[in-house]
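Keeping the supplied structure of chain B fixed, place chain F with the ligands upon it in accordance with the hints.
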Amino acid sequence: MKVILRNPRREIEVAGGRRVKDVLRELHILPETVLVIRGDELITADQVVRDGDTIELRPVMSGGAR
Amino acid sequence: MKCRKCGGTAVLELRRHNAAFCAPDFLDFFRNQVREAVRKYRMLDKDEHVLVAVSGGKDSLALWDVLLDEGYRTTGLYLDLGIFDYSVESRRKCEAFAAGRGVPLIVASVAEEVGGPVPVIKEVTRRPPCSGCGLSKRYLMNRVALDRGIGVVATGHNLDDEAATLFGSIAHWQTDALARQSPALPSTHAKLVRRVKPLYRLSELETSAYAFLRRIDYIVEECPFAKGATSIAHKEILNRMEDASPGAKHNFLFGFLEKARAAFERTEAVELRECARCGQVTTGTICAFCKLADQVKRTL
Ligand code: SF4
Ligand SMILES: [Zn+2]
Ligand SMILES: [Zn+2]
Numbered sequence: 001m002k003v004i005l006r007n008p009r010r011e012i013e014v015a016g017g018r019r020v021k022d023v024l025r026e027l028h029i030l031p032e033t034v035l036v037i038r039g040d041e042l043i044t045a046d047q048v049v050r051d052g053d054t055i056e057l058r059p060v061m062s063g064g065a066r
Numbered sequence: 001m002k003c004r005k006c007g008g009t010a011v012l013e014l015r016r017h018n019a020a021f022c023a024p025d026f027l028d029f030f031r032n033q034v035r036e037a038v039r040k041y042r043m044l045d046k047d048e049h050v051l052v053a054v055s056g057g058k059d060s061l062a063l064w065d066v067l068l069d070e071g072y073r074t075t076g077l078y079l080d081l082g083i084f085d086y087s088v089e090s091r092r093k094c095e096a097f098a099a100g101r102g103v104p105l106i107v108a109s110v111a112e113e114v115g116g117p118v119p120v121i122k123e124v125t126r127r128p129p130c131s132g133c134g135l136s137k138r139y140l141m142n143r144v145a146l147d148r149g150i151g152v153v154a155t156g157h158n159l160d161d162e163a164a165t166l167f168g169s170i171a172h173w174q175t176d177a178l179a180r181q182s183p184a185l186p187s188t189h190a191k192l193v194r195r196v197k198p199l200y201r202l203s204e205l206e207t208s209a210y211a212f213l214r215r216i217d218y219i220v221e222e223c224p225f226a227k228g229a230t231s232i233a234h235k236e237i238l239n240r241m242e243d244a245s246p247g248a249k250h251n252f253l254f255g256f257l258e259k260a261r262a263a264f265e266r267t268e269a270v271e272l273r274e275c276a277r278c279g280q281v282t283t284g285t286i287c288a289f290c291k292l293a294d295q296v297k298r299t300l
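Sequences listed follow chains B and F, in order.
Numbered according to the working numbering, the first sequence terminates at residue 66, and the numbering increases by one at each position without gaps.
Numbered according to the working numbering, the second sequence terminates at residue 300, and the numbering increases by one at each position without gaps.
Treat the hints as calculated values from the structure; they're not laboratory data.
A hint or two may mislead.
[As the list claims (entries may be wrong)] Taking lysine-lysine and the DSSO-like style, the derived pairs with C-alpha atoms no more than 27 Å apart in a straight line are:
hint, chain 1, residue 1, chain 2, residue 2
1, F, Lys227, F, Lys122
2, F, Lys2, B, Lys2
3, B, Lys21, F, Lys2
4, F, Lys5, B, Lys21
5, F, Lys259, F, Lys122
6, F, Lys297, F, Lys191
7, B, Lys21, B, Lys2
8, F, Lys191, F, Lys46
9, F, Lys40, F, Lys259
This one's a predicted model, so the numbers in the text were calculated from it and none came from an experiment.
Bound conformation, chain B alone:
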């Protein structure tokens, strides 16, 4: 399956057929630091992603003194 990462935008391939949670763990991403977007929907970390899926992991952190 395809995973889109941001800042900067890039794409990687990882194994599907498992929960989002497991993908995040493999990528060393804490679950609450990203939105998990599939198509035009948000999905929770317990959802299973399949091999043909594409998900975007969009960071939620914004920074600097504001």
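The following block gives chain F with the ligands in isolation, referenced to the frame of chain B:
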């Protein structure tokens, strides 16, 4: 995962609330948190004109969206920081949002006001970019509000921003900063407008989800100067705490606001004067903004 409210498929899990929500119930939850913030700190009157400081990012556009939805009369303020493509793109997002909603947007340029954009200010002062940038933003927000006769500025600071600021202030025991940290800052002088942070009860995850679910077109890319900012390092530490113990950030910030903040409030107020140059409020003779502008203009 099922929605706590309706049992439908959840789109977002909120571990600190031990809950998950479907999209409509999450949006309700979000609006309720904003209402609670406004009520608890008496941030805004229902018919008051609000200046909403927008950066093009998820937080400030989510804030503008929710205030419009709640029926407030708002004007947006975008400060053009002159930070390369980031500023070009973020300005476009704000203009598109304002046009789409049919609401007014004021654009003010740091380069015009200070004499140079943020990257130049950074070179001239040899200080971290966020320092000159933050100073200019606070000054210009207040001045634009005063010029337009608007009594309150709302900013998109969220729970993570506030917790990171608190963490930084405690790390250095900056007691004046601790006294000033609040979701609502009153006007302490005729030339200072109120400042409120209606999103302080909502995490970055929640403001991002709200912006996404409301189909707000915000800038996902960060300011190129954000990378080295210490506030990011503090957020990362807090995120690790949160992961180990959901609710840690919330308890850290809310515990401070409810139990500790009052202890830092100064009994003796500092004397505020008007800057000899621009008339804005300062504790000295010339305000920090005018000094910065002088320094930039002198060097260029
Ligand atoms: S990260 Fe720093 S320089 Fe960039 S917009 Fe935020 S405060 Fe300004
Ligand atoms: Zn529901
Ligand atoms: Zn001044």
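For which of the previously enumerated hints does the structure constitute a violation, in increasing order of number? Per hint list: single violation, 5.
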